[in-house]
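**Student:** Residue numbers (my numbering), protein chains in the order written: chain B, 1 to 225; chain Z, 226 to 450; chain S, 451 to 687; chain D, 688 to 1037; chain F, 1038 to 1387.
What the hints contain is simulated information worked out from the structure, not anything from laboratory work.
Some hints could be false.
Claimed, not checked - List of simulated lysine-lysine pairs, DSS-like, C-alpha gap at most 30 Å: (1) Z/Lys238 x S/Lys595; (2) F/Lys1338 x D/Lys1026; (3) S/Lys671 x B/Lys173.
The residues making up each chain are set out below.
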Amino acid sequence: MAEGYSPLLISLKTAILATAVTVVLGILAARLVIRLPEKAQWLTDGILTLPLVLPPTVIGFFLLMIFGKNSPLGQALLQLGIRVVFSWSGAVIAAIVVSFPLMYRTTKAAFEQMDQNLIDAGRTLGLSERYIFWRIRVPVSLPGIGAGMVLAFARAIGEFGATLMIAGNIPGKTQTVPLIIYTATAAGDMHLAMQWVAVIVAISLLSIGGMNIWLARQERKAGGA
Amino acid sequence: MAEGYSPLLISLKTAILATAVTVVLGILAARLVIRLPEKAQWLTDGILTLPLVLPPTVIGFFLLMIFGKNSPLGQALLQLGIRVVFSWSGAVIAAIVVSFPLMYRTTKAAFEQMDQNLIDAGRTLGLSERYIFWRIRVPVSLPGIGAGMVLAFARAIGEFGATLMIAGNIPGKTQTVPLIIYTATAAGDMHLAMQWVAVIVAISLLSIGGMNIWLARQERKAGGA
Amino acid sequence: QTGDSTDNINLTISAAASLKNAMEELTPMYQEANKGQTLTFNYGGSGDLQKQIENGAPADVFISAAQKQMDALEQEGLLAGGTREDLLKNNLVLIVPQGNTEITTIEDLGTDKAVQVALGEPSAVPAGQYAEEALTNLNLLDSVKAKAVYGKDVTQVLTYVENGEVDAGLVYETDAKSVPDKVAIVSKVPESSYKTVIYPMAVLKDSTQLDAAKNFESFLKSDEAKVVFEKYGFEPL
Amino acid sequence: MSILVDIEKQFKGFNLKVQFESGEGVNGLLGASGSGKSMTLRCIAGIEKPDKGRIIVDGVTYFDAEKKINLSPQKRNAGYLFQNYALFPNMTVRQNITAGMKKGAECTQKILQQMLERFQINELENRYPAQLSGGQQQRVALARIFARSPKVLMLDEPFSALDTFLKWELQCEVSKILKDYEGTTLFVSHSRDEVFAICECVAVINDGKIDRFGALRNVFADPMSISATKLTGCKNISRIIPLQDHCFEAVDWGCVLCSDVSLSKDITHAGIRAHFFEPTEHPGENTIQIEIENVIESQFKVSVLFKPYGKEVNRPLCWDFERVHFGKEPGREFPQYLKISPQNIILMKG
Amino acid sequence: MSILVDIEKQFKGFNLKVQFESGEGVNGLLGASGSGKSMTLRCIAGIEKPDKGRIIVDGVTYFDAEKKINLSPQKRNAGYLFQNYALFPNMTVRQNITAGMKKGAECTQKILQQMLERFQINELENRYPAQLSGGQQQRVALARIFARSPKVLMLDEPFSALDTFLKWELQCEVSKILKDYEGTTLFVSHSRDEVFAICECVAVINDGKIDRFGALRNVFADPMSISATKLTGCKNISRIIPLQDHCFEAVDWGCVLCSDVSLSKDITHAGIRAHFFEPTEHPGENTIQIEIENVIESQFKVSVLFKPYGKEVNRPLCWDFERVHFGKEPGREFPQYLKISPQNIILMKG
Ligand SMILES: Nc1ncnc2c1ncn2[C@@H]1O[C@H](COP(=O)(O)OP(=O)(O)OP(=O)(O)O)[C@@H](O)[C@H]1O
Ligand SMILES: Nc1ncnc2c1ncn2[C@@H]1O[C@H](COP(=O)(O)OP(=O)(O)OP(=O)(O)O)[C@@H](O)[C@H]1O
Ligand code: MOO
Ligand SMILES: [Mg+2]
Ligand SMILES: [Mg+2]
């Protein structure tokens, strides 16, 4: 493991930040969509699930088009001194994009499964839609949101195709564990690759385990019994 | 689109079959796991979510190890005249493996969110655990199961890394849409790539839309109101 | 634009993934000789690297596994003038799983001795392109095409051969040498049958460290570097 | 304060068509199971949207189909006690109660304490709904509604899960609160006694339609419709054939009785409350010679099922009377005749 | 048929420690809100697991902590009516009812029809629970339980959501079914009248413990404990100081009264049911001169709140009597004295 532990740290940092952002975005998106008429939802659902359907390399390619120096957005960001391509922020963006559908769809399902009576009760009590959402709908949907979080985190940790494209594969900077696995495999160094596979398996067991325990505690706090 | 429509057909066939299998496996796995003590669940969850964390190529590599000529299982299957490597069945297996965690985790969350009273009521009515599971728990958890299905289908349609490894990239046989997109992109034929991206976007919008509508109908049938 | 200060120079090199092992050995050598300079590598498929550069990836040097990508960047005016050089040559070899003695020449690919053959995807993998060219010229393409399995990269082709899933494969010599225990090199593919595989390199126009980048180029051309490249199966030019 | 409701809503198999108007005070809503009480309240609260009509509270239009007005539930400030409580499972009792209160630190605490005491749930403050019994949940839901003093108060069977003693105490508490309360209250209850103790007006709803609306005493004294008569607790109802003057033949009981008012043409049924028979030993006007079929004794009450002597009837009549000495064994002497005074005969339109 | 329950279960803030034994028949479970009625039923049904003790039904051990026996709910064949119904939301009324029935095409149909009629839900057969009113849901839940004739029947407030008339009809139906039923029934109700109409034995549960268990008449006639007295509907309770013979001073009422039995030492409270006062115009034994504080009139009943003349009391006494003529305005003459016969005084142990 010549690269030392930095891929591990980069992976964890990236996945944690990306998951945090995805969780918030996913919840907000689900919130917006469940308010739409049912007829409109098939379209939003289809679109918001796209990042899961497209091969990550294609996503990376689109991201490159969006954030690259040839795009207006990329230009604008460059003016502000922000460079997404070949930077850690690119890795985070890639991870957010690929993990988003998982969070969104799972959260939306949890919202839909909830007892509508509670929402109605909140409304007649004069609670604002915002309060009802954050203080009732979200806590009550915690099992679903938690599942979305676990999936999003796992996907973010494993992300690789899109990251490679937009953030590059730069040791110590954007080289995450999946990228080092890719590089090692490409260079025929199966031994190194398997070491890192072991690392990623360990991470995911630990972090998913940790998340499960944390979620169970939250639910116990919230759900009584 | 020199390859004609076959990548489309192969993709659809693969994804549909894989989703069907994943749905069943995911539901069964969720069923097994929710019965385990909470303490044991972090481990099972971690393990069953692994296929999402590992880069698809690594998964493909493991599948090759499992189903390849050098493995006992591969040998045994070959004796029976079944060849998984470089065949359509390989593509299906790859799609099942990568989409499984999505189905499993989402379904599990839906099961957990359900009103325990209904289960208890079923038990005191003398209904078998099997009946309670399939006729009450599953229908009541339909929004979550549906979300899992949509995610699994999307992931199966988009699957590419592992498929490529185990099923190869054989036009007319195992070349799915993502594979052709990858190939075209790598070759710098962005025009062809984008055509196929359009196809896959169309598929996913239509199929996810269709699934949403179907699910809404099921729920309306099942949930009243 | 070339206001290099002598220290704190950090060169970013986008290099074809197949160069990774050699570059890892060369890096400390270069940094020893050029105190204050560090090297950062970004490995990937040559096509991906090309796209990144086109979209503003801040690389100083690009080393491609084929001329095609370099040509594209040159046409787009993204290379620093006069810095493009051919660095290495690679050879296409015929490999078989360790222990397979049936196949002894490339012509055997056309016979029943080979049931399935792994090749790089011609449109995506340079090695696959060259292999197709060679097979065409050897009049084997029609018979091989029916038994071909295309890998998305060379690694995949190697894996198939290693595992005995296919009876033979065509890869670069460097790739074959990265897994010497598992695959056997049967023969080089006749050089006349395909265009020479050249790894070109160039400094990129947007580099702010032109001098250091050029210095790195000349280091790669040096004799001590050549020894390392040869060790990994390249033919330095 | 005033409330005007005039709405229609169609379901598959059920049509709601409710119309009433009332001022300040407590309005009872009586109706059989499935008659549309909860649905009416839900429409007023803004949870269901009627197909047609309007709802105006205190001059504010909550809903008007024609003018396309449909105020959000939040803006209606209507306190609705859900039949199944709808407590927030993720909040403690305290949080549930304070959730709906306007912010304002000090006062919040004071009101909370008041509510906890009033509904006898002090010790449950930090529990979650899942850790409460049915009756405890109901009390928390009540406290939650009262804590925010809404403009319209809608209580859907507020005491259904409470034991007699507690029900009695809370009924007192609630009626005290309601006396000082300045808004309109709609009170759904299945218990006549509860309605009688708390309400000033009553609406009787039958199969989605208001059958009768008026002051409590009037409705109970003269329910007018069959459904209202049943709901106010009358056990004896018979079809009638009007004879001359104030008299009629009670078809189901096989006897002739007279009322103190003259029978208008549309009267089709008559009713006698089981408590209103008076035992006597002599025949006379409105007096039936009885043949006892069955005697059911309960704690404080004896129910005697009887028919007019020698007649065949579809369904026996019921005479209830209070027992003053508990524990006396049956075997007492029953009277030979029962008399019913003309002013106690209820006349109904089919 | 027999049932033996002897269990303990601890919660944070609540301990259940219930012990009773009974044969065939209908056993009422009376208890204040939150006293542990539902929890007891849940333990018997096998939904909650007690910490200690055992449950034996008809010779079959359902639960035995020591022997580590804990039969699954399925094997217990106990029909438990959930307080919140727990209907399956994904099944129609018909499917809900037939779900628990043993297979057997013809019979299933017959029983289904019978249940639909009995509980007056024929027309709702194809509806989903979300499309039903509260009372309709309750009836479906009842039908679902009765459709499978379980060994132990546990009804948790089965009529709480029904209107008076329907409640009366279903009470008759259920008591008819229960008469023919060969198992044991546990019946939780908050309505004394219901318990009186249906049950043979009663257990009174107070704060998790059985206070009193016995035949209906005995428990109501001599409840013995304060909680049981309250739950059987006695509104007047006072601390006492025993005097010589059968007499005592009622501290809270400020008067001396006498019972017909001698007071054992542990008697600390006395009670008088509000119905058991008899008006009289002359002073005498057990006769109180009254000073009226308030008169509450309801449909058939008048409640007079009074205190002994010239005394200061913490809480007035209550005298209820039936009104025979409805609609008469108040302003009537009330008696000067109320008498209570010695055998109607309830004596309780603290
Ligand atoms: N979604 C629906 N579709 C069809 N009918 C419905 C629907 N919801 C309710 N109903 C019917 O509307 C009627 C009125 O229901 P509502 O809940 O108002 O009754 P209720 O008077 O409150 O009765 P209860 O005293 O039993 O609670 C019922 O007959 C019910 O079956
Ligand atoms: N999970 C829990 N943790 C702590 N206390 C609990 C829990 N569940 C129930 N309790 C308490 O146990 C007591 C008994 O509850 P139970 O549901 O048996 O009451 P009940 O007699 O049925 O009352 P009701 O008539 O109001 O339904 C209540 O005081 C309740 O607060
Ligand atoms: O640029 Mo590559 O990784 O040799 O195909
Ligand atoms: Mg209702
Ligand atoms: Mg209860």
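**Student:** For each hint, tell me whether it holds in the structure or not.
**Tutor:** Hints, verified against the model:
1. Z/Lys238 x S/Lys595: With Cα atoms ~25 Å apart, Z/Lys238 and S/Lys595 stay inside 30 Å; holds.
2. F/Lys1338 x D/Lys1026: OK: F/Lys1338 and D/Lys1026 at ~20 Å, within 30 Å.
3. S/Lys671 x B/Lys173: holds, 28 Å
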